[in-house]
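Go by the hints and put chain W onto chain E.
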Amino acid sequence: MDFAIICAGLLLFGLGMYVILDGFDLGVGILFPWAPTDDCRNVMMSSIAPVWDGNETWLIYGGGLLFAAFPFAYSIILSALYLPIMLLILALILRGVAFEFRLKAVKSRWLWDFSFTAGSILAAFSQGLILGATIHGIKVENLVFKGNFFDCITPFSLTSGMALVIGYGFLGATWLVMKTQGITREWAKHITKPLLFMVLLFLLLISINTPLEYPHIAKRWFSMPNFLYLCPVPLFVLILAYGVFWGLDKNKDAVPFRAAIGIFLLGLVGVVISIWPYMIMPNITIWEVSASVSSQKFVFWLLAFSLPIILGYTFFVYKIFRGKVTKEEAFY
Amino acid sequence: MILDLAILSRVQFAFTIGFHIIWPTLTIGLGLFLFILESLWLTKKDPIYKELYQFWVKIFALAFGMGVVTGIPLSYQFGTNFSGLSEIAGAVLGPLLSVEVMTAFFLEAAFIGVMVFGWNRVPPLVHYLATFFVMIGTHNSAFWIIAANSWMQTPQGVELVNGLFSVTSWFDVIFNPSFPYRLSHTLIASYLTASLVVLGISAGYLLKKKQLAFATKGFGIAFLFVAILAPLQIFVGDLHGLEVKEYQPVKVAAMEGLWETTQGAPLLLFAVPDVKEETNHYVLKVPYLTSFILTHDFKGEVQGLKDWPKDKRPPVTTVFYTFRVMVGLGFFFLLIVALGVVLRLRQKLFETRWFLRLCTLCVPLGFIATICGWIVAEVGRQPFVVYGFLETKDALSPVIPEAVLGSLIGFIVTYTLMFGAFLFYCFHFIKKGPSALVEQAKDVDETEWLHVATHTTHLTQDRKGEN
Chain E
1 MDFAIICAGL
11 LLFGLGMYVI
21 LDGFDLGVGI
31 LFPWAPTDDC
41 RNVMMSSIAP
51 VWDGNETWLI
61 YGGGLLFAAF
71 PFAYSIILSA
81 LYLPIMLLIL
91 ALILRGVAFE
101 FRLKAVKSRW
111 LWDFSFTAGS
121 ILAAFSQGLI
131 LGATIHGIKV
141 ENLVFKGNFF
151 DCITPFSLTS
161 GMALVIGYGF
171 LGATWLVMKT
181 QGITREWAKH
191 ITKPLLFMVL
201 LFLLLISINT
211 PLEYPHIAKR
221 WFSMPNFLYL
231 CPVPLFVLIL
241 AYGVFWGLDK
251 NKDAVPFRAA
261 IGIFLLGLVG
271 VVISIWPYMI
281 MPNITIWEVS
291 ASVSSQKFVF
301 WLLAFSLPII
311 LGYTFFVYKI
321 FRGKVTKEEA
331 FY
Chain W
1001 MILDLAILSR
1011 VQFAFTIGFH
1021 IIWPTLTIGL
1031 GLFLFILESL
1041 WLTKKDPIYK
1051 ELYQFWVKIF
1061 ALAFGMGVVT
1071 GIPLSYQFGT
1081 NFSGLSEIAG
1091 AVLGPLLSVE
1101 VMTAFFLEAA
1111 FIGVMVFGWN
1121 RVPPLVHYLA
1131 TFFVMIGTHN
1141 SAFWIIAANS
1151 WMQTPQGVEL
1161 VNGLFSVTSW
1171 FDVIFNPSFP
1181 YRLSHTLIAS
1191 YLTASLVVLG
1201 ISAGYLLKKK
1211 QLAFATKGFG
1221 IAFLFVAILA
1231 PLQIFVGDLH
1241 GLEVKEYQPV
1251 KVAAMEGLWE
1261 TTQGAPLLLF
1271 AVPDVKEETN
1281 HYVLKVPYLT
1291 SFILTHDFKG
1301 EVQGLKDWPK
1311 DKRPPVTTVF
1321 YTFRVMVGLG
1331 FFFLLIVALG
1341 VVLRLRQKLF
1351 ETRWFLRLCT
1361 LCVPLGFIAT
1371 ICGWIVAEVG
1381 RQPFVVYGFL
1391 ETKDALSPVI
1401 PEAVLGSLIG
1411 FIVTYTLMFG
1421 AFLFYCFHFI
1431 KKGPSALVEQ
1441 AKDVDETEWL
1451 HVATHTTHLT
1461 QDRKGEN
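Residue numbers (the working numbering), protein chains in the order written: chain E, 1 to 332; chain W, 1001 to 1467.
The shape of chain E in the complex, shown without the other chains:
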């Protein structure tokens, strides 16, 4: 068995979980200031209050797994992306404390509203920077980062930063359609469509720009027979986009959220197709940055036992807090 591939798969799984779960609650934070009333904001916050801790834990899962299974990648990527990672961490702190303090605040509520939104936007934006910089590539010699502090800031990474802010906003809007009632739901439905158009626009922009700028990625997508295998990816995106519209029109409140998850996962698949089997672009593969086989084996067995249990109780907790949020709960 090739444990490097298995560990990379488990890492990707965690990344997917993180992008979806923390994606929607970051999205709620991004949309926060535009909500029609303060009551809406209370409802929005309560819809994610019981679960955001768990959602954010997937980021620590990713960090821990990268450290354990690919320590060289962990060292190189985190040194190279010092700026966006520190921004991400500070942003997550800002918005995390807003959950704790906002409902206890009276006069200073504006401060926590601001820290919640600013933190959510900055966190999404720095994740986009990290994504963009990962696709762009990192200058490495002998498995040590040799580039500059600002290497991670490129037009491409700035674009993907903005794309992720909009993307999470879209995901958050569909979450709110599913979880809320009354004017909050109406408002969320109202903004979902324009957000979706912007997401599709960004996806198109990135899909055109990436192959033009990075010939090795173009080769991956547009050579035969790859092209035939890969052309369903954008096609599925369009089908899911239609699903969002359909759900909104037919008042099937859970459908847009599920379709949005699908769009995000396809985006992730697209990224993986573009960079696999490299972990650090343009030329360091997952095997070059792997830990010893014994460490990866350890990680594999650990996850084989614990991951199903974690998924089981995470599902259980989501079930406890299922359904629409009531106004009363908004005061907790």
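I should point out that these hints are in silico values taken from the structure, not numbers from a laboratory. If you're wondering where the values come from, they're calculated on a predicted model, not measured in any experiment. Here a beta-carbon is modelled for each residue, glycine too, at the ideal position from N, C-alpha and C. It is possible that part of the hints are untrue.
[Claimed, not checked] With a cut-off of at most 25 Å between alpha-carbon atoms, the simulated SDA-like pairs for lysine to any residue come out as follows:
| hint | chain 1 | residue 1 | chain 2 | residue 2 |
| --- | --- | --- | --- | --- |
| 1 | E | Lys104 | W | Lys1210 |
| 2 | E | Lys104 | W | Pro1364 |
| 3 | E | Lys319 | W | Pro1124 |
| 4 | W | Lys1208 | W | Tyr1049 |
| 5 | W | Lys1050 | W | Lys1209 |
| 6 | E | Lys297 | W | Leu1164 |
| 7 | W | Lys1393 | E | Glu141 |
| 8 | E | Lys139 | E | Leu228 |
[To be verified] Stretch-level coverage of chain E by chain W, calculated; a stretch enters the list once three of its residues show a Cβ under 8 Å from a Cβ in chain W:
| hint | segment |
| --- | --- |
| 9 | 45-56 |
| 10 | 80-89 |
| 11 | 138-146 |
| 12 | 287-295 |
Just chain W now, kept in the frame of chain E:
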């Protein structure tokens, strides 16, 4: 200005972890306290326990949230600031931290929501289980992170292959020599700190003659815990000291401020260590006591700092003073216990005002003792990051010092604001008291039907979805 990458990276890690440790210290102890309270509530059905639970779970949740957000920087700083350590010791530390994530963080994060928001959503037994899981999660977390830390203090179970650590025995890695002592010392510190917090805040209510039933119960339970834990902690600390003497003698020399290897070493109650002259000034000492504590023999030999070259000694002054603060506080807690027991025997424990005032002062002291203890352990390990194997200066990331200065300032500003806000809201919450909570809970109970109504709507919608 010339910035030193090693100093900046260490200061940033020390600042972020020193701030972080406040929260788990509180939540490990309070988690156990809440579990005990809910057990009592379910068996005895006395509503006072539920009231205590609902009050303390709010403080717990607040501290827990702070712990979560301040924990994230730590799991990433191994890469952003100490990538040398991550590469060389990744095979050991990575898996240990992963076990922590998988057995602790997810468990806590999933069930904290049920603990705080779930009273009206789940049956009592499920809520009780949620409390139990969160308590287990906090302990798992302590177990694995202390295994990793202790391995860095007393590494074993590994071999160096091409300059990288490779594990030969996971059992030896986890159960390394300092692990059992550090784990028990840390857990007891958490229980003691949380008990002192409950004791002090309950004492505050007793002083103001508010919430009397609530405060008396809380004060009584907390005092019982302090009375058991304070002496126990001194005993375990002593055992831990013997272990350090065995495996990290230079750390003990710094703790004791001992420069020359001495038979019959004195205990310095106070001194000003002079690193340049390698001596101490303004010494106040008890003869032979250090030798007696460490070797159980008044004439026993204790190694002095001069046995090691200057660049292999830890920063003596820091270790020396923080050790004295920690031990001093430990004995102060013992004094509190002694006074309390005397008052209890005279049936005056709950109304002696000067004693209650003394107890309110104890609220921050457990945290200070814990942080000082960690400074002794971590600064005392310097110049090594993995003791005897890897020096901190060789473990740094290839980043520019200006970047670390920038992020350090970011952390200082954010954490200062956070801490201020935490204290502000906590004081506010404590001032309002548990009775405000009871009112709130009543309101929610009356609107219980709304939850039912919502649930029904939800089901109808599901059914619509199926059609």
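For each hint, the structure was consulted:
1. E:Lys104 / W:Lys1210: Satisfied, since the Cα-Cα distance of roughly 22 Å is no more than 25 Å.
2. E:Lys104 / W:Pro1364: 22 Å, holds
3. E:Lys319 / W:Pro1124: 17 Å, holds
4. W:Lys1208 / W:Tyr1049: 21 Å, holds
5. W:Lys1050 / W:Lys1209: Status holds; Cα separation ~21 Å.
6. E:Lys297 / W:Leu1164: The hint holds at about 18 Å.
7. W:Lys1393 / E:Glu141: 21 Å, holds
8. E:Lys139 / E:Leu228: 33 Å, violated
9. 45-56: holds (count 6)
10. 80-89: holds (count 5)
11. 138-146: holds (count 4)
12. 287-295: holds (count 4)
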